[in-house]
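Undergrad: Since chain A is already given, all that's left is putting chains B, C, D, E, F, G and H on it; use the hints.
Spelled out from the first residue to the last, the chains are:
Number of protein chains: 8
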Amino acid sequence: MSTIDSTLITIILGSKSDQPVADKVTAVLHDFQVNYSIHVASAHRTPELVMKIVLDSTASVFITIAGLSAALPGVVAAHTIRPVIGVPISGKINLDSILSIIQMPPGIPVAAVGLDNGSNAALLAIAILAISNKDLAKKLENYRKKARAKIIEANNDMN
Amino acid sequence: MSTIDSTLITIILGSKSDQPVADKVTAVLHDFQVNYSIHVASAHRTPELVMKIVLDSTASVFITIAGLSAALPGVVAAHTIRPVIGVPISGKINLDSILSIIQMPPGIPVAAVGLDNGSNAALLAIAILAISNKDLAKKLENYRKKARAKIIEANNDMN
Amino acid sequence: MSTIDSTLITIILGSKSDQPVADKVTAVLHDFQVNYSIHVASAHRTPELVMKIVLDSTASVFITIAGLSAALPGVVAAHTIRPVIGVPISGKINLDSILSIIQMPPGIPVAAVGLDNGSNAALLAIAILAISNKDLAKKLENYRKKARAKIIEANNDMN
Amino acid sequence: MSTIDSTLITIILGSKSDQPVADKVTAVLHDFQVNYSIHVASAHRTPELVMKIVLDSTASVFITIAGLSAALPGVVAAHTIRPVIGVPISGKINLDSILSIIQMPPGIPVAAVGLDNGSNAALLAIAILAISNKDLAKKLENYRKKARAKIIEANNDMN
Amino acid sequence: MSTIDSTLITIILGSKSDQPVADKVTAVLHDFQVNYSIHVASAHRTPELVMKIVLDSTASVFITIAGLSAALPGVVAAHTIRPVIGVPISGKINLDSILSIIQMPPGIPVAAVGLDNGSNAALLAIAILAISNKDLAKKLENYRKKARAKIIEANNDMN
Amino acid sequence: MSTIDSTLITIILGSKSDQPVADKVTAVLHDFQVNYSIHVASAHRTPELVMKIVLDSTASVFITIAGLSAALPGVVAAHTIRPVIGVPISGKINLDSILSIIQMPPGIPVAAVGLDNGSNAALLAIAILAISNKDLAKKLENYRKKARAKIIEANNDMN
Amino acid sequence: MSTIDSTLITIILGSKSDQPVADKVTAVLHDFQVNYSIHVASAHRTPELVMKIVLDSTASVFITIAGLSAALPGVVAAHTIRPVIGVPISGKINLDSILSIIQMPPGIPVAAVGLDNGSNAALLAIAILAISNKDLAKKLENYRKKARAKIIEANNDMN
Amino acid sequence: MSTIDSTLITIILGSKSDQPVADKVTAVLHDFQVNYSIHVASAHRTPELVMKIVLDSTASVFITIAGLSAALPGVVAAHTIRPVIGVPISGKINLDSILSIIQMPPGIPVAAVGLDNGSNAALLAIAILAISNKDLAKKLENYRKKARAKIIEANNDMN
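Residue numbers (the numbering used here), protein chains in the order written: chain A, 1 to 159; chain B, 1 to 159; chain C, 1 to 159; chain D, 1 to 159; chain E, 1 to 159; chain F, 1 to 159; chain G, 1 to 159; chain H, 1 to 159.
Same shape as in the complex, but just chain A:
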């Protein structure tokens, strides 16, 4: 990956079982040739590991993935001023992870995206990076164009 060398995004999964949603994140990042590091660390079972990953990271943006009482995004946000994106994972209740991630107290924001929506987490991270990265901005415009073209084509196929 010649265009973008350093690790721009640090991904943290709260549990290995969150891998399928992480795969949606990394699929988009590969498309955009954005370097990332990926980790498993539980806010509740390994708080020190979470802290170490955050402090060691030189990434610009964090993507955190967690289900149930999803404390991970908030705990990561507590240890950095860099933007933290939170992806709630579906389960038997769904409102648990959504509300745990979105209802942060004033002072420590988390950017919540939709349930299991790993691709949107990646695209939001890229949109953030694209503010000061023209190459990524161009790629993002192209990505949108392709998505648009695909729907227009699907629409044409219907008639």
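Any given hint might turn out to be false.
Under the rule of at most 25 Å between Cα atoms (straight-line distance), these lysine-lysine pairs were calculated in the DSS-like manner [what the hints assert, rightly or not]:
(1) K92(B) <-> K92(F)
(2) K16(D) <-> K92(F)
(3) K150(A) <-> K24(A)
To be clear, the hints were calculated from the coordinates, so they are not data collected in a lab.
TA: For chains B, C, D, E, F, G and H alone, kept in the frame of chain A given last:
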């Protein structure tokens, strides 16, 4: 308080605005003459303070009080093997704090009590202490008897 | 089981169909070599049996498992001052058992854990016992260490 | 009350604070000149009192009123084969008392009516009694007619 | 069925797809040898048929079964002063049928039972009939005893 | 009102207490000089009156307003093939009236609008009438333009 | 299709994955021989396409189908004064699409039908068209009669 | 404001009634001396104005504030590749605006923050800008320190 000298319970509020529920906790503890320490520390804004309070504490049981995305009980539980009781605080949604506290991942339990139910948090802590403290057990039996008598009296007043 | 002889924990299932969650409880208790007794008794269909089990039990902690309108934890708590842990069972609604167990009236606390979270119920019971049992406290520290090591290993495997 | 002498309905409040909804019950029963007894007894704080009231009662129908984790209707139903009506009381969540009362396990039914809907609890009890009581059936027909007339009048007033 | 000749219960399904829950109702009624009639009629698609069934019925109690916006129980109750039991049917939301059935306006009560809980609807109807039918009361006592014995046996099997 | 003579819209309130939301409906209809008739009739307490109003009405569209288990819109729709708009009324739960109105079974549609949103019910009725009424279509365009202008003005005031 | 020539209804799917619900819409429209056009266009990914479809359409009624944060119905309604029907699509939460479609702000109404209820969307559109189309009105009466007959037959089959 | 000259953030309110939450946003931006523009524009009532504001804006980040069926954040995101933050506004349901904002379809992300949480929206925007703005990063570190100090002081005051 001669019978019970050391601090048996450490109370942590996630925010000063949780004081009214903390008052319900301490009212019960005063009744039972149980020593406690009380602190304000936010899992998101002051994670180090939370950790310091937990590690410094020699209490047997923690009572944690938090609203919104109530990470505090889980974060305290992450730093100790002692039992942690979590009290969800009411707000505009209510299910946010309840689900954040009760839906802990396997491995790090929190003992959740009802919304704003500070007195039950105190009584649960006392029940836990009473396992190996006959004086507290006796007081708890008496407390129950009085509550029972009050209802029986209310019932008699109706007829 | 030489180290811990007497029955420390009494487990009550509200229905035979709750067995899979009870198995998660007993798996942890076996790991910790903690003696327990296990029963099936419905708060609604066999209230006398529930009461008999509670009054006969010499255990220090109760673990109760129930779904739907999960009255069992509260009914057990009504008959003892010992700590009662409640595990809500999943079904078609999920909020029914969670709210039935967590929303106890002031005076009779139940320690609610997460939906179907039998292992956390066991670990909470052990944490309560560990206050005055150094052997269990050491085992609990080890259990946590192993869980931590497993995540750290999983994390290492990712990179 | 000459027409109906014996106590036909036993009302039990889970807490003194449920009185306003109990007043809606008794207002209807007075209208219909139906004798009732009224009690306060908590399923969690005074289970023996609940059982005593149920076993002592010679009423044909029970009306039970409770909020939060509303175990009272189910606990009454556990001690009698007579029909038990449950009225959920509103609070900060509302779904707690509704689901606790309606989601009874197979075998022990409770007849749930709407949130705070004391008058419907009374009317349902009267409908049950009216099956074998022609006087009450006639009164119920009249009550319905009056309610109908009131709406028809309100409708006429609009045009 | 010699002991109880006339039709005591009229069952109405809102849709043919509710048959599995109706089967739970009739299984219990067969056990108790209670005569019933059974119908399919939609409150929305065939309101006249619903009304005809209600007015033609000489049963003492109605059991109505409906999903989604479950208007059937309330519409039946609007046409009779006899007790109407409503069984909410599960689907993609579940709260829709539960709330539609339980939240009746003051004046026209419905006795709501749990989601898909056909057996409790039947048992509630029998409890209502048993007020003035000693044979059914005895059978209901026996039914409860058997249910109790089954749990006690299951409990014995565990130890 | 010279331009539009006959009654185009029939409004039915499920209860007199729904008047404030009905006032939002009629305020819009007055603005558009659309003739309407307005009635109070309960689907549960006066089903015959509801049917009579529907069968007597020569209006093109029905607007129905109801709270709790809001059966009125569906019951009106059951008696006519003309479009029926349903307005859910807010209360202690809110999801009850919304789900009762929106979750109609296949075959009998109701057009649900937002909670307490009387003005949108009126505007939807006008949009339906405007399909074949150029005068109303022009008025509706103007109404939208004014709403737009008001926001543009508010926006200009901010800067 | 000789009786009704021009396109009366424009259907827009927010995503190709909504096709199964669109099929329920078109099945009813085929039954009624109502001409329609059908399109795929995302309010979020192709807002210009949505606008173009709306402005190009000469249909009298729009049927829009969308899941998740279902903005499509509201965005269509923002570009036309013609009636817009919204069909929420089921997913992991269900309340997301229902609330997104029904809770429109005052001024821009959407006619919401039930979750996945494509046939009701079609029937509501036909009811709207039938106001000024006697042929469709007759067909709709017949459709209802057939639905009624089918239930009456099912009812007869039970007895 | 010498350090940061150009407009970095564009704030859009869906309605003038959202002003109190917008005030929380601007209070934080004033603290950080970050230039912003502020607008009122409804996604449903003035879609062209929304598009014009987005296309005219040279800001790096958008903050959008909306209640009910909160389409505004998604509609803004549809017209730009720059990051869009969405603030759900509280009302009678609360889950409506939260789910409308968070449940975006794959391809067009919105960064959702908590209910009415204007200050977190501002802090998230600043965190995003701070990636490539050392001055803002320093200010954000200071802001956090002050918040931390305030809690530590509150904690000291308790003991």
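Undergrad: For every hint, state whether the structure bears it out.
TA: Hint-by-hint comparison with the structure:
1. Restraint check: the Cα-Cα separation between K92(B) and K92(F) comes to about 14 Å, which is no more than 25 Å; the hinted pair holds.
2. For the given pair, K16(D) sits about 21 Å from K92(F) by alpha-carbon distance, which is consistent with the 25 Å threshold.
3. Of the supplied pair hints, the one linking K150(A) and K24(A) holds, its CA atoms being roughly 19 Å apart against a limit of 25 Å.
Violated hints for the displayed structure: none, as all numbered hints are satisfied.
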